[in-house]
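For the protein sequence lines, the chains are A and B, in the order given. Numbering-wise, the numbering used here puts 74 at position 74 of the first sequence, and it's gapless, one number per residue. Numbering-wise, the numbering used here puts 25 at position 25 of the second sequence, and it's gapless, one number per residue.
Do not take every clue at face value.
[Said to hold, decoys possible] Below 25 Å or equal to it, Euclidean Cα-Cα: the simulated SDA-like pairs (lysine to any residue) are: (1) A/K109 with A/S85; (2) B/K14 with B/H103; (3) A/K109 with B/P39; (4) A/K81 with B/V88.
[To be verified] Which residues of chain A face chain B? A few of them, derived with a C-beta cut under 7 Å, are: (5) A12; (6) G15; (7) S33; (8) F45; (9) Y48; (10) G53; (11) R91; (12) N98; (13) F102; (14) T104; (15) G105.
[What the hints assert, rightly or not] Each pair of labels, with its calculated beta carbon distance range: (16) B/R109 with A/F45: 18 to 28 Å; (17) A/L112 with B/A52: 47 to 57 Å; (18) B/T111 with A/H38: 41 to 51 Å; (19) B/G16 with A/G15: 46 to 56 Å.
Think of the hints as simulated: they come from the structure by calculation, not from any bench. By construction, the Cβ of each residue, glycine as well, lies at the ideal position given by its N, Cα and C atoms.
Read off the chains here:
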Amino acid sequence: GQSLEQPSEVTAVEGAIVQINCTYQTSGFYGLSWYQQHDGGAPTFLSYNALDGLEETGRFSSFLSRSDSYGYLLLQELQMKDSASYFCAVRDTRGGGNKLTFGTGTQLKVEL
Amino acid sequence: NAGVTQTPKFQVLKTGQSMTLQCAQDMNHEYMSWYRQDPGMGLRLIHYSVGAGITDQGEVPNGYNVSRSTTEDFPLRLLSAAPSQTSVYFCASSYSGQGVTLHFGNGTRLTVT
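Just need the whole structure built from these sequences, with the hints factored in.
This is the structure in structure tokens:
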């Protein structure tokens with residue numbers, strides 16, 4: 001089956017850089033995604049890595065190492081609005097490659 | 001575009017009652033899925049569909065039924081509600097073969113008493 005591990009909570013100050021790690025175990029792997037969810041809201045897509053390396057999208061970057069079954073989300077120049085839960089998710093080869101299995105989420109608190 | 005629309009937003013049921021959570025998308029996505037979200041447990045896949053007429057089970061399918069008669073609609077049926085089904089339910093869709101970007105509805109908050 002699939003399993004993902006990520007820290008339950010991370011706290012950082014406004015303007016800082018924070019890294020949220022994710023390790024995974026899966027029987028078939030296409031890629032690693034990251035989603036953001038504000039309290040009371042729906043998850044929204046942030047990034048996807050299918051290959052090893054760093055993908056950058058504005059203040060957010062995501063990294064993948066397939067050999068280590070490990071990835072991370074890097075948030076730079078933190079803003080108060082970045083306070084949210086962040087989920088990593090593995091896209092596996094079942095279900096035509098569309099199935100996503102999510103981690104339990106990391107709650108990020110950004111403080112002044 | 002409306003995207004993914006879920007109704008109702010809130011629902012309270014008594015144990016043993018049945019109901020259907022509605023999900024509709026207007027993006028012509030082949031893939032649709034239902035997740036439930038409970039505190040500390042992330043999003044768990046209930047059922048999914050890769051196209052009209054095709055459905056399959058996810059991690060936690062017991063107590064739920066789905067059907068996919070059209071590309072647009074993917075309703076989730078609770079057959080006999082139990083307190084353990086108190087949760088927030090999200091419907092999500094994407095293009096097939098591009099399942100990396102799930103588009104989520106705003107959720108249905110269900111309480112079973």
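Original post:
Of the hints stated earlier, which fail here?
Top reply: 2, 5, 6, 10 and 18
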